[in-house]
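Please work from the sequences and hints to get the whole structure.
Chains as they are written, first to last, in the numbering used here: chain X, 1 to 508; chain A, 509 to 783.
It is possible that some hints are incorrect.
Stated by the list, open to error - Quick partial rundown of chain A residues pointing at chain X, CB under 7 Å, derived from the structure:
1. 576
2. 601
3. 602
4. 617
5. 623
6. 658
7. 663
8. 685
9. 711
10. 768
11. 770
12. 775
13. 777
Hints were generated in silico from the structure; no laboratory data involved. C-beta atoms are modelled at their ideal positions from N, C-alpha and C, and glycine is treated no differently.
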Amino acid sequence: MDMKMKSHLLPEFLVERIDERCTRCKVCVKQCPFDVHYYDEELDRMFAREEKCVGCQRCVVYCPRNALIVRPHPSTYRPNNYWTHEAIQDIKKQAETGGILLTGCGSDRPVRIYWDHILLNASQVTNPSIDPLREPMELRTFLGRKPDALELEVNEDDVELKTELYPNVMIETPILFAGMSYGALSYNAFKALAMAAKEFGTLFNTGEGGMPKEMREEFGSNTIVQCASGRFGVDPEYLNCAAVIEIKIGQGAKPGIGGHLPGEKVTATISATRMIPEGTDAISPAPQHDIYSIEDLSMLIYALKEATNYEKPVCVKVAAVHNIAAIASGIVRAGADIVAIDGFRGGTGATPKIMREHVGIPVELALAAVDRRLREEGIRNKCSIIVGGGIRCAGDVVKAIALGADAVYIGTAALIAMGCTMCQKCHTGKCAWGICTQDPVLSKRLNPNVAAKRLVNLLRGWSLEIKDVLGGMGINAIESLRGNRDHLRGVGLEEWELEVLGIKGAGE
Amino acid sequence: MLKTGYKDMFLGDVRKLDEILKYAKIEGEVAEIDASDLKHKELNDLMRECVQKGVKKFILRNVCGQRYIGTRLHSVGKLEIEIYGTPGNDLGAFLDGHRIIVHGNAQDGVGNTMNDGEIIVEGRAGDVVAMSMRGGKIFIRDSVGYRTAIHMKQYKDKIPVLVVGGSSQDFLGEYMAGGIVILLGLNLKDGKHKAHYIGTGMHGGVIYLRGEVEPYQLGKEVGIVELEQEDWKTLEKYVGEFASYFSLDADEILAGKFTKLVPVSKRPYGRIYAY
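What follows is the structure in structure tokens.
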């Protein structure tokens, strides 16, 4: 029996309109993909269906008269520390739908943010700081396997390198764009990432949705192509157009599970890029069904190296989970040139809320554990480490590198630069900012040239800040900061946390 | 303090090309390689070198476990590779248009993420055959292992085909998103298939089974439908091709009872979420 059920959910946002400012221009109606605003002709007034508002702030930014205020709805249940507002709302939502709670973006739970408990060092008196305005500061980074030792042949007036080097990829700043697929992202957002990566001399990552053919020649050398459990759009040309190939095992926002791009998002161009029929769900199974062990992983790593004539570094991306150090060691021994670790805060276009909120560990701890383990085993040089999952600012980047990372992935931060406001409704496909949608009207809102400019500006700003901090530490190359934990001190951390991070407490 | 040695199991002790050239005998466009003394990468290095010297056909002898045969040879036109012995895992992974004939058995991962071409195995194959296959054809004379044709997919007229003469283990066609799988069951003594979880999560493509299969052996996401005229045409075409490779009688095979499995929905998991 089909019964009508009144929704018991409280609205999440309050839409306030300063009526004397409102000219009834209806820009808000046009801008809102969630159908919140409407105009009542009889009353000549604008109204809002608040229960539909997601707080994306699109209408607020685009209201020409600044007549709108959207803020968290003051209605609340009786305050209860245990049965929080969110917990009650979630139960009601599931009671009404009977489904898995779905959400977008990374976890916002109040799990300890270790970045904020780590402070950086600076030079004072005993060693001089370096002025980055006067001295060259080196942020250039090489990703890939490094040899154990270099063998040189010294002739009379010439030195020749005898060691055969592994393929490495050079980036101008230790910041890469994280894997976000065309499908999750709009074409314009995807292209903006590619354009920005090319302009700044870094890499973007295709995620597991393939690479549109027309982008391969222009952007291939700035691309990390993903080979994930769905193997969408993976063919020899796709693999060979890229700078790096990434095997995606896991993702911080949903460790251990796969993903579905719902059929309604599989448009003609996405179907051509993923090489699946239009309108079918693009299902990425939880594991890669040819990888059930480290041995199997090794098999795929070398299959990809064979397919690309050993010319490209192969990266393996995993979510930060328990025993991550042993996992990373296995990945390196399996032949990976780069290990990417995605932390608990990692973002996504869609994930079951339970996975996002309860599975995985903070990337700061995972990184420190992995770097230490690989050093202890004498294999740290065999791979580069990339970390992602909640990198918010240049300070986080510097701390990540001092904890042992070679570079960082930014996903959420890149989306915010383009326009994202973290409303966490990516999974609805209605992104008002044209980023996480396949609706042609909405995706047209994002001009790829403007979005690329914003991304380049972000990279430039962060890179300048990193140089400033390095100079302050008396370091003139990012190489000298890598794994240099002497430059870190912890505040408000327990003994075991300091030990995992491998840093001293402040004052020591 | 942990201190362990490290040795790259795959690249360690690989000889340089000039040390292994002697294993290839090139006559015109045909190269004959004795693989008995070659490591995985050495064999593939040597084959690539031969292609650069104009070789169009390979005869590989004494192959014993060398992996990725054919994988590195993309964008070089169509080659023919005849293999005597047992090729190793990932035979023809990412294969891009070549024709591989194995006079013997194959191991795991035959045609993994294969793009185009043909693989013909005069024997049996291991697990994960035709995983994520996107195009081309694979013919296995005898049986295959577990996880066959997982996530095979198709796009427009690029439709991969897998024909297996014998039977399969569990998870045949799991998450299948396109393509054609034909399982002939020629070696079944009682005519009954043993595999379970056939077509679990299937959301595209078609599986034809010759022989008996019980509903409990199928995944929840597939249904049994009657064969139509078009299906018989498809079967005649590919079973005919299969029979011709292994000197079998196509009519006799086609006289058996066939079952057609198709996905119930293009979106098997669309209704499990709360929006």
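Holds or violated: residue 576 of chain A as interface residue toward chain X, Cβ cutoff 7 Å? At about 4 Å, which falls below the 7 Å cut-off, the nearest Cβ of chain X leaves the hint on residue 576 of chain A intact, so it holds.
Minimum beta-carbon distance criterion (7 Å), residue 602 of chain A to chain X: 4 Å, holds
Does residue 768 of chain A pass the interface hint, meaning its C-beta sits closer than 7 Å to a C-beta of chain X? 19 Å, violated
Do the numbers back the hint for residue 601 of chain A, that is, is its least Cβ distance to chain X under 7 Å? At 5 Å from the nearest chain X Cβ, residue 601 of chain A passes the 7 Å test, so the hint holds.
Min Cβ distance, residue 623 of chain A to chain X: is it shorter than 7 Å? Result: holds, 5 Å to nearest chain X Cβ.
Status of the residue 770 of chain A interface restraint (C-beta, 7 Å, chain X): 13 Å, violated
Tell me if residue 777 of chain A is really an interface residue toward chain X, meaning its C-beta lies closer than 7 Å to one of theirs. 6 Å, holds
Can you verify the interface hint for residue 685 of chain A: is its Cβ closer than 7 Å to any Cβ in chain X? Holds. Min distance 6 Å.
Go through the hint on residue 775 of chain A and say holds or violated, using the shortest Cβ distance to chain X against 7 Å. The hint holds - residue 775 of chain A has a Cβ within 7 Å of chain X, the shortest such distance being about 5 Å.
Given a cut of 7 Å on the nearest C-beta pair, is the interface hint for residue 658 of chain A held or broken against chain X? Result: holds, 4 Å to nearest chain X Cβ.
Cut-off 7 Å, beta-carbon criterion: hint that residue 711 of chain A touches chain X: At about 6 Å, which falls below the 7 Å cut-off, the nearest Cβ of chain X leaves the hint on residue 711 of chain A intact, so it holds.
For the hint on residue 663 of chain A, just tell me whether its beta-carbon gets within less than 7 Å of chain X. At about 4 Å, which falls below the 7 Å cut-off, the nearest Cβ of chain X leaves the hint on residue 663 of chain A intact, so it holds.
The structure fails to meet hints 10, 11 from the earlier list, while all remaining hints are met.
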